[in-house]
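Colleague: Given chain Y's structure and the hints, the job is docking chain V onto it.
Next come the chains, spelled out residue by residue.
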Amino acid sequence: MTSPAEHVIEVEHLTKRYGALLAVDGISFTVRKGEVFAFLGPNGAGKTTTVEIIETIRTPTSGNVRLLGMDVTKRKRDIVPRIGVLPQGFSSFDRITVRETLQYYSRLFSCRNTDIDGLIGLVNLRDKSQEQYKNLSGGLKQRLGIAIALVNDPEVVFLDEPTTGLDPVARHEVWDVMQGLKEKGKSVFLTTHYMEEAELLADAVAIISKGRIIATGSPRELIESNAKCLLLTLQSIDGKVFEIVRNMGFEPVLDKHRNIKIGIAQTDDVLRILNAIKDAGASFVNLDVRKPNLEEVFLQLTGEALREGPPEMVVK
Amino acid sequence: MNPRIIRANLVVKLKSFYRERSAMFFTLAFPIILILVFGTIFMSEDNVAYHLCVQDLDQTNSSQQSVKTLEINGKFKITKVDPAVNATQYVRDNKVNLVLVIPKGYEKLLMQRMMLNDFTTSVTLTYIYDPSSSSVTTKMEILNAVLAGVNQEMSGKPPFLRSVVRSILTRKYRFIEFFIPGIIAMSVMTMTLFGTVDSDTELRQKGVIRKLSTTPITHTDWILSNILHHFILAVISTIAMLLASYAVFSVTLHIDAWLLAFIMLDVVTFVGIGMILTRFVKEAQSAAAAANSISFPMMFLSGSFFPIELMPGFLQNFAKMLPLYYVNEGLRASMVFVDNMAALKDSAVIGVFAAVVFILGTIATKWEETA
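Sequence order for the protein chains is Y and V.
To convert, note that position 46 of the first sequence is 46 in our numbering; the numbers rise steadily by one, no gaps.
To convert, take the position in the second sequence, counting from 1, and add 316; that gives our numbering.
Hints are not guaranteed to be accurate.
[As the list claims (entries may be wrong)] Computed list of lysine-lysine pairs in DSS-like fashion (alpha-carbon distance at most 27 Å, straight line):
1. Y:Lys-278 <-> Y:Lys-240
2. V:Lys-384 <-> V:Lys-420
3. Y:Lys-134 <-> V:Lys-598
4. V:Lys-455 <-> V:Lys-396
5. Y:Lys-33 <-> Y:Lys-182
6. Y:Lys-141 <-> V:Lys-682
7. V:Lys-331 <-> V:Lys-661
8. V:Lys-331 <-> Y:Lys-128
9. V:Lys-424 <-> Y:Lys-141
10. Y:Lys-134 <-> V:Lys-522
11. Y:Lys-184 <-> Y:Lys-240
12. V:Lys-661 <-> V:Lys-636
13. V:Lys-331 <-> Y:Lys-134
14. Y:Lys-141 <-> Y:Lys-74
15. V:Lys-522 <-> Y:Lys-141
16. V:Lys-396 <-> V:Lys-411
17. V:Lys-420 <-> Y:Lys-76
18. Y:Lys-74 <-> V:Lys-682
19. Y:Lys-278 <-> Y:Lys-291
20. V:Lys-384 <-> V:Lys-424
21. V:Lys-598 <-> Y:Lys-76
22. V:Lys-598 <-> Y:Lys-141
23. V:Lys-522 <-> Y:Lys-76
24. V:Lys-411 <-> V:Lys-424
25. V:Lys-455 <-> V:Lys-331
26. V:Lys-682 <-> Y:Lys-128
Think of the hints as simulated: they come from the structure by calculation, not from any bench.
Okay, chain Y solo, but in the shape it has when bound:
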C-alpha cells in the first residue's frame, strides 16, 4: 500500500460529458511517483479526454483530479511548470528548426539553464538540430515532441499516444527514448493502444473501455489474473468456423488480423473444437494454443480490438 504522498496523480470518480455523450464514466486510479503508468484503451475509449483533464487542458464534469497534490481545476498555473506534455497528434511550427523549437519552449517555461544539447542528444536528433520541423519524418517529430516535453525538467511527463501512426522502426526509436526517461526516474503517464509498448515500458497499467476502467495492475498481474484459461487462436478463411465455435457455447472474438481467438478452460476443449470444425466440413489454416499476452487479455476483457484500421495505414 502506498501513501498519498507517493502518488503524483490521484483520480477519483472522474466523469466527463459532452452533451449526451458520456466520454469518461466515474473512473478512479492513482499513479505512483517514478513509475511508468500506461493508460490503455481503443480509440474513443476516453483515454485522451482523461489525460487532457489531468493535464489541465479540459475541465471535468465531476470528480476530483489531483496532480502533484494540487487540484487540476484550481491550480493550473502552479501545475503547468511542473509537468511536460506530448499531446496526441503533436505538431510544431513548420519553419522553426529543432534547436530553435527547443529554445522557444524553454523560454516559454522561463528556463534559463535548459540543456538544449543534452535534450537533443537524449532524443538522438543531433544530426537534425538545424533542420526545420516540416522536414522531419514522423518519428523524428515525435522524438522532438518528447524533448519539448522535457525542456522544463518536469516531475511528471505525459505522453499521449507517442507512437501512433509511426512505422515499426520509428516506433522502436521512440521506445528507446521512453526507456531513457524511465531510467532517469521520471514519472511517466503513457497513453497508448499498443500493448507491446505497455508490456515493454510500463510498471502499472489501467485498461479503459467505453469510458470505464475495466482492469488495473502491472502487466504481469493483468496477464496472470486473466490467464486462468488458455488462448486458442485459429487462422481461418472459412466464415463458418466463428459460428461453429460460438454455437458450442464459447465466446470467440476476432482480432485485427481477423484471427479467431477463443478462451478455453482446459486442453480437452481444443480437441472438441477441432472435431466440431472437422465434422461441420469447415477448415482453418493454422492454430496456436498458449497463455494470452496483454493484448489478448484486453480482447478477452472487452471483446474489442485495441487498434482500429489495418496495419498498412501507419505512416512514417
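Modeller: Chain V alone, transformed into the frame defined by chain Y:
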C-alpha cells in the same frame, strides 16, 4: 503578462514569416502593386482627357471650328465619325459610349443668329450614348459645361456669377496622395486579419495550440505577441509603400507619430476581429472565406479606394460604422490635411472600437475546451 514569453513568441512568428518567402513576398508586394496600378490610373486621371466621337453632318468651316473648340481645353480627345454611318449603330459596333452629332445646317443657323441677330434661332446637338457606361454621365456633364460656356460667349455679355477655387490645403495635392493613406489602412487590415485568422486556425487545427495550452504562455502573452508581430510587419509594409509611391509617383505625405498610432489601432482592431472569427472557424480551408467576408465590405465601403460621398446615403451611414473608415479618415487627417484635432477624433473612435473587439477577441479565445 511575461515579456520573455512575448519576445520568444514574437521571434518565432517573425522567423516563420521570414522563412516563408512566397508569403512574405506577396504580403509586402501586394500593396505596392496596388499603389502602382491605381497610382498609374489616378495620375492619368489628374490630367484626364475623355474620348469623344463627333459626327459632323454639316461638314462646314463653322462646324469644324466648333469641333476644334471642344479640344482646346484638353478635356476631350476627338474622333471624327463618318457622316455617312448610322451613329447609333456606330456606338454599338465600336463600343464607344457617346457620339456627339452636329446636325446638317449648323453653319447656316449659326450665321442666321450671329449676322441677323435672330435670337430665336438655335441648333440642337444630339448625344447618342450608351447608358450602361459608368463614365458617360460625367462626359455629358463636361460637354454641357463646355456648351454653356460657348453659349455664354456668344451672348457677348459678361457672366453675372463667377467662381474662384480656393483649396483648404496649403499646397496642391494630387488624387494619388489622398489614395495612399487608404491603401495603407486597407493593406494593414488585410495583412492583420488574414494573418490572424489563417495562422491561428492552422495552428489550432495542427494541434500546436493544444501543446501551447500545456505551457505557461497565457492568452494575453499570445495575443500581445500577435499584435507586435503584425505591427512590425505593418510598419515594414507601410515604409515599402511610402518609398514605392515616392520613387514612382513622387508622393510626399506628412509623416509623424499619428501614422504609427493609426497603424497600431488598425492592427489591434483587426487582430481582435480575427480572434473572434477564429473562434467560429474550425477548418483552415474556411479561414480565408471568413476573413474575406469581413475585409471585402471594409475595403470597398470604408473609403479606401474611392470617397464614400460617391455612395448612396444609406451606404455612407453604413460606412461610418466600419472601423476602417476611421483609420482611413485618421490617416488622411494626419498625412494629408495635417489636422491633429481631426486625427484625435478619429483615433478616439477607432480606439474605442479596438478596445471593444480586443476584449471580445480575448474572451472568444479559448484554448482549453476547443483544443
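Colleague: Next step is simple, just say for each hint if it's right about the structure.
Modeller: Hint check:
In summary, the hint linking Lys-278 of chain Y to Lys-240 of chain Y is supported, as the alpha carbons are separated by about 11 Å, within the 27 Å threshold. Pair hint Lys-384 of chain V plus Lys-420 of chain V holds up; C-alpha atoms about 17 Å apart against a cutoff of 27 Å. Simply put, Lys-134 of chain Y and Lys-598 of chain V have alpha-carbon atoms about 22 Å apart, close enough for the 27 Å limit, and the pair holds. Between Lys-455 of chain V and Lys-396 of chain V, the direct Cα distance comes to roughly 17 Å. Compliance with the 27 Å bound is thereby established for this hinted pair.
The suggested pairing of Lys-33 of chain Y with Lys-182 of chain Y holds, with an alpha-carbon distance near 11 Å, which does not exceed 27 Å. Pair hint Lys-141 of chain Y plus Lys-682 of chain V holds up; C-alpha atoms about 26 Å apart against a cutoff of 27 Å. Distance hint between Lys-331 of chain V and Lys-661 of chain V is unfulfilled; the C-alpha atoms sit about 37 Å from each other, more than 27 Å. With a C-alpha separation of about 18 Å, the suggested pairing of Lys-331 of chain V with Lys-128 of chain Y holds against the 27 Å cut-off.
For the hint pairing Lys-424 of chain V with Lys-141 of chain Y, the CA-to-CA distance comes to about 92 Å; that exceeds 27 Å, so the pair is violated. Of the pairs offered as hints, the one joining Lys-134 of chain Y and Lys-522 of chain V holds, with about 12 Å between alpha carbons and a cut-off of 27 Å not exceeded. Distance restraint check for Lys-184 of chain Y and Lys-240 of chain Y: the Cα-Cα separation of roughly 52 Å exceeds the 27 Å cut-off, and the hinted pair is therefore not satisfied. Simply put, Lys-661 of chain V and Lys-636 of chain V have alpha-carbon atoms about 13 Å apart, close enough for the 27 Å limit, and the pair holds.
Distance check on the hinted pair: Lys-331 of chain V and Lys-134 of chain Y sit about 14 Å apart at the alpha-carbon level, within 27 Å; holds. Under the criterion of a C-alpha separation no larger than 27 Å, the hint pairing Lys-141 of chain Y with Lys-74 of chain Y is inconsistent with the structure, at around 32 Å. The straight-line distance between the Cα atoms of Lys-522 of chain V and Lys-141 of chain Y is roughly 13 Å, inside the 27 Å bound, and the hint therefore holds. For the hint pairing Lys-396 of chain V with Lys-411 of chain V, the CA-to-CA distance comes to about 15 Å; that is within 27 Å, so the pair holds.
About 92 Å separates the Cα atoms of Lys-420 of chain V and Lys-76 of chain Y, which puts this hinted pair outside 27 Å; it is violated. The straight-line distance between the Cα atoms of Lys-74 of chain Y and Lys-682 of chain V is roughly 17 Å, inside the 27 Å bound, and the hint therefore holds. The suggested pairing of Lys-278 of chain Y with Lys-291 of chain Y holds, with an alpha-carbon distance near 24 Å, which does not exceed 27 Å. A threshold of 27 Å between alpha carbons decides the hint, and for Lys-384 of chain V with Lys-424 of chain V the separation of about 18 Å falls inside it, so the pair holds.
Of the pairs offered as hints, the one joining Lys-598 of chain V and Lys-76 of chain Y holds, with about 26 Å between alpha carbons and a cut-off of 27 Å not exceeded. The straight-line distance between the Cα atoms of Lys-598 of chain V and Lys-141 of chain Y is roughly 24 Å, inside the 27 Å bound, and the hint therefore holds. Between Lys-522 of chain V and Lys-76 of chain Y the CA atoms are separated by roughly 23 Å; this keeps the pair inside 27 Å, and the hint holds. Distance restraint check for Lys-411 of chain V and Lys-424 of chain V: the Cα-Cα separation of roughly 33 Å exceeds the 27 Å cut-off, and the hinted pair is therefore not satisfied.
Restraint check for Lys-455 of chain V and Lys-331 of chain V: not satisfied, since their Cα atoms lie roughly 53 Å apart, outside the 27 Å limit. At roughly 34 Å between alpha-carbon atoms, Lys-682 of chain V and Lys-128 of chain Y are farther apart than 27 Å, so this suggested pair is violated.
The structure fails to meet hints 7, 9, 11, 14, 17, 24, 25, 26 from the earlier list, while all remaining hints are met.
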